[in-house]
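Sequences and hints are given; from them, build the entire structure.
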Amino acid sequence: MKKKRLLIRASVLTILAASVIMTIYANLAEGGRSGPETGDKAPDFILTDQNGQRHRLSEYKGQGVLVNFWATYCEPCKEEMPLLEEQYRKYKNEGVHILAVNIGETDVVLNRFLERHELSFPVLNDRNQEVVDAFGVNPLPATFLIDKEGTITGIHEGPILNEKMAAEMMEKIKP
Amino acid sequence: MNEIKCECGHVNPFGTILCESCGKSLSGTEEWKPSDMRYEGSARRSQTYNRTIVDKIWNFFSSVKVAIWLLVITLIVSAAGTILPQKMYIPPSVSPETFYGENYGWFGKVYYALGLHELYSQWWYMLLLASIGVSLCICSLDRAVPLYRALKSQGVRRHESFLKRQRLFGVTKGENLEEAVVKLKENLLKKRYRIREEGNAILAEKGRFSRWGPYVNHVGLIIFLFGAMLRFFPGMYVDEVLAIKEGERKEIPGTGGKYFLENKQFIHEVYDKNEHEAFAAALEKKGQIDKNFQTDVVLYKRSGDTVPGGEVKLKKEKEESIRVNEPLKFDDYALYQMDFRPILTGMSFLLIDKETDEELGEVRIDLDNPESRYDLGNGYAVEILDYFPDFDLNEEGLPVTRSKAPHNPAFVFEMKAPDRPDGEISFVAVQQTMEPYGNNKYKMQFSGIETKNVSVLTVRKDLTLWIFALGGLVFLVGLALGSYWNHRRIWIQKREQEIWLAAHTNKNWFGFKRELKAVLAGTGINEPQDRHETKGESR
Chain G
18 MKKKRLLIRA
28 SVLTILAASV
38 IMTIYANLAE
48 GGRSGPETGD
58 KAPDFILTDQ
68 NGQRHRLSEY
78 KGQGVLVNFW
88 ATYCEPCKEE
98 MPLLEEQYRK
108 YKNEGVHILA
118 VNIGETDVVL
128 NRFLERHELS
138 FPVLNDRNQE
148 VVDAFGVNPL
158 PATFLIDKEG
168 TITGIHEGPI
178 LNEKMAAEMM
188 EKIKP
Chain C
41 MNEIKCECGH
51 VNPFGTILCE
61 SCGKSLSGTE
71 EWKPSDMRYE
81 GSARRSQTYN
91 RTIVDKIWNF
101 FSSVKVAIWL
111 LVITLIVSAA
121 GTILPQKMYI
131 PPSVSPETFY
141 GENYGWFGKV
151 YYALGLHELY
161 SQWWYMLLLA
171 SIGVSLCICS
181 LDRAVPLYRA
191 LKSQGVRRHE
201 SFLKRQRLFG
211 VTKGENLEEA
221 VVKLKENLLK
231 KRYRIREEGN
241 AILAEKGRFS
251 RWGPYVNHVG
261 LIIFLFGAML
271 RFFPGMYVDE
281 VLAIKEGERK
291 EIPGTGGKYF
301 LENKQFIHEV
311 YDKNEHEAFA
321 AALEKKGQID
331 KNFQTDVVLY
341 KRSGDTVPGG
351 EVKLKKEKEE
361 SIRVNEPLKF
371 DDYALYQMDF
381 RPILTGMSFL
391 LIDKETDEEL
401 GEVRIDLDNP
411 ESRYDLGNGY
421 AVEILDYFPD
431 FDLNEEGLPV
441 TRSKAPHNPA
451 FVFEMKAPDR
461 PDGEISFVAV
471 QQTMEPYGNN
481 KYKMQFSGIE
491 TKNVSVLTVR
501 KDLTLWIFAL
511 GGLVFLVGLA
521 LGSYWNHRRI
531 WIQKREQEIW
541 LAAHTNKNWF
551 GFKRELKAVL
561 AGTGINEPQD
571 RHETKGESR
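In the order they appear, the protein sequences are chains G and C.
Residues in the first sequence are numbered consecutively from 18, following the numbering used here.
Residues in the second sequence are numbered consecutively from 41, following the numbering used here.
Don't read these hints as lab results, they were simulated from the structure.
Keep in mind the model is a prediction, meaning the values are calculated, not measured.
Careful: at least some of the hints might be erroneous.
As the list claims (entries may be wrong) - Restraint-style ranges between C-beta atoms, simulated for each label pair: (1) G:Gly79 - C:Arg442: 35 to 45 Å; (2) G:Asn179 - C:Gln305: 26 to 36 Å; (3) G:Lys20 - C:Ser193: 14 to 24 Å.
Glycine included, C-beta positions come from ideal geometry on N, C-alpha and C.
In structure tokens form, the structure reads like this:
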């Protein structure tokens with residue numbers, strides 16, 4: 018009798034506790050990043066760069082890729098461009114690539130920007146913001162570090178402040 | 041912790057106040073206490089066992105006092121969340137960290153620090169709501185199960201003390217009591233009482249189901265809460281906004297990239313006073329009255345996998361018009377017309393010779409995708425050196441764009457003419473023109489705009505709605521059970537030259553007494569006394 022009572026009470030409480038925890042967990046998961054988290058597989062994408070060349074993220078398998086989301090009207094984005102350029106030159110022969118994804122500005126704006134800033138890494142235009150949505154990018158700039166397996170090993174929302182920080186990012190995804 | 045055996049032979053669970061079968065007080069006191077009847081004097085388990093941690097948690101949640109406190113706390117906390125705007129209502133461009141402090145001082149800082157700016161999705165707020173649900177479940181279980189037991193095992197023959205302790209009790213002395221009892225049973229059957237007899241004892245009972253009213257009620261609430269809980273799980277509930285420009289095709293948010301929508305055109309109609317002569321005066325007075333907001337759309341379904349940025353293969357599903365209250369429905373989703381706004385999509389400029397006012401050609405610029413060079417023939421051309429879709433000046437007084445949306449377009453044009461082969465530079469914004477390098481021969485004169493409507497649609501999917509409806513229905517059924525029916529019982533015991541009669545109802549004593557009067561009429565049995573009245577108490 019006593020045992021039965023304990024069993025019934027314990028199972029009722031367990032069911033209630035389980036549903037409460039599940040609900041709170043589901044709610045918190047929804048409230049977090051809308052895109053992938055660190056440790057998730059990076060969403061694949063196909064975009065065209067300033068020279069008309071197509072880039073597909075999954076084709077970079079075996080190499081590290083730094084994906085940087087930016088816009089011309091975002092001052093910190095512009096400030097980190099030279100830092101990225103420097104790192105790109107250093108690391109491109111070591112298997113780390115940089116893909117800078119513009120969040121879908123007009124060609125005129127983008128081309129004028131590229132004419133004024135000498136950038137050798139591919140600058141991609143995400144016209145319909147599909148890649149921006151897939152990565153859940155909200156504040157700019159946002160930098161995603163993707164290792165040779167295609168896994169996101171780091172998400173940095175905000176500017177890359179200095180050379181040291183940029184170098185650390187590249188080092189982290191060096192194959 | 042032993043079971044209690046009553047003198048009538050019935051074995052009661054530990055903690056029982058009145059014997060389940062005969063109703064004799066087991067606590068030893070013979071004093072008349074009507075409140076003992078609330079749960080039939082059954083052993084409310086929570087009041088009884090308190091040994092393990094499981095029991096302690098159970099007891100905590102089974103207390104109505106705790107439940108009321110939980111409700112009060114939730115009420116106060118929920119109210120606190122409305123003092124300052126929630127995070128979703130503050131401008132999206134500002135950081136909430138600084139917003140609350142800057143606008144509301146120290147109070148705002150505390151508000152932010154406590155997390156009240158996102159109160160309704162805080163884990164502890166959810167926990168508070170959930171504990172109300174848990175309390176509801178356990179309070180109900182803790183009372184319903186013993187009550188069911190007690191009502192099921194109630195005996196026909198009740199102990200003397202039980203009868204005496206009832207609020208309605210009376211003794212009738214006299215001859216020919218056999219006849220009176222036969223007549224009484226007849227009357228009771230007419231009033232649709234169920235009658236059980238055991239020797240010289242009779243139990244007439246009706247409306248027992250009404251005792252379950254409050255518990256059915258709680259089950260309804262629990263179903264309701266379950267529905268609310270389900271909304272948090274992916275795929276059950278979608279509430280998104282889709283702003284789509286005329287001519288645009290976009291993925292419908294919340295569908296996981298499965299559906300796309302094309303906006304063919306947006307229509308806004310108003311009532312025409314010539315068409316509706318009867319209302320001409322009213323329309324004159326009120327001015328413009330809206331008649332129709334409509335978006336003509338094409339729904340597409342994606343076929344096969346796609347990669348963001350890559351090509352999408354779409355299959356046309358249907359072509360429909362979305363109007364207010366006439367949503368486009370597909371696959372559990374519904375798209376509702378919510379709002380619209382005109383936006384600037386194009387601007388035109390004339391290249392003009394300032395001296396002669398001669399028009400040398402027109403440039404029509406698509407603000408979402410301007411060309412870099414417009415050839416006007418005869419050696420005239422205009423090049424866009426710079427484009428600021430959302431023009432503003434920065435701290436250094438230089439032109440910048442605040443976003444990529446063409447809210448306030450500005451251009452740096454280079455105008456080339458046969459007599460100005462190197463071009464002249466002109467900065468043109470809305471209602472302002474600058475010539476940074478001195479006097480130009482030519483100018484770009486604003487000549488028109490093009491606008492398109494952005495239709496704002498709500499994307500809604502709700503698989504939980506029927507659960508809410510069910511919960512509401514069960515709740516109402518419970519309410520009706522408990523309100524419109526009463527559980528009425530009459531105990532009759534024939535003794536030598538005496539009839540004892542006791543009666544109980546869970547509510548509506550007035551109606552019960554009237555019924556008793558009718559039942560006893562012509563039997564010769566006295567109406568029982570109301571102990572509340574004789575004691576001078578009122579109920």
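To see whether the hints hold, each was checked on the structure:
One distance hint, 35 to 45 Å for the beta-carbon pair glycine 79 of chain G and arginine 442 of chain C, holds here, with the actual separation near 41 Å. Remark: the range hint 26 to 36 Å for asparagine 179 of chain G to glutamine 305 of chain C is contradicted by a beta-carbon distance near 52 Å. Between lysine 20 of chain G and serine 193 of chain C the Cβ separation comes to about 22 Å, which falls inside the hinted range of 14 to 24 Å.
The structure fails to meet hint 2 from the earlier list, while all remaining hints are met.
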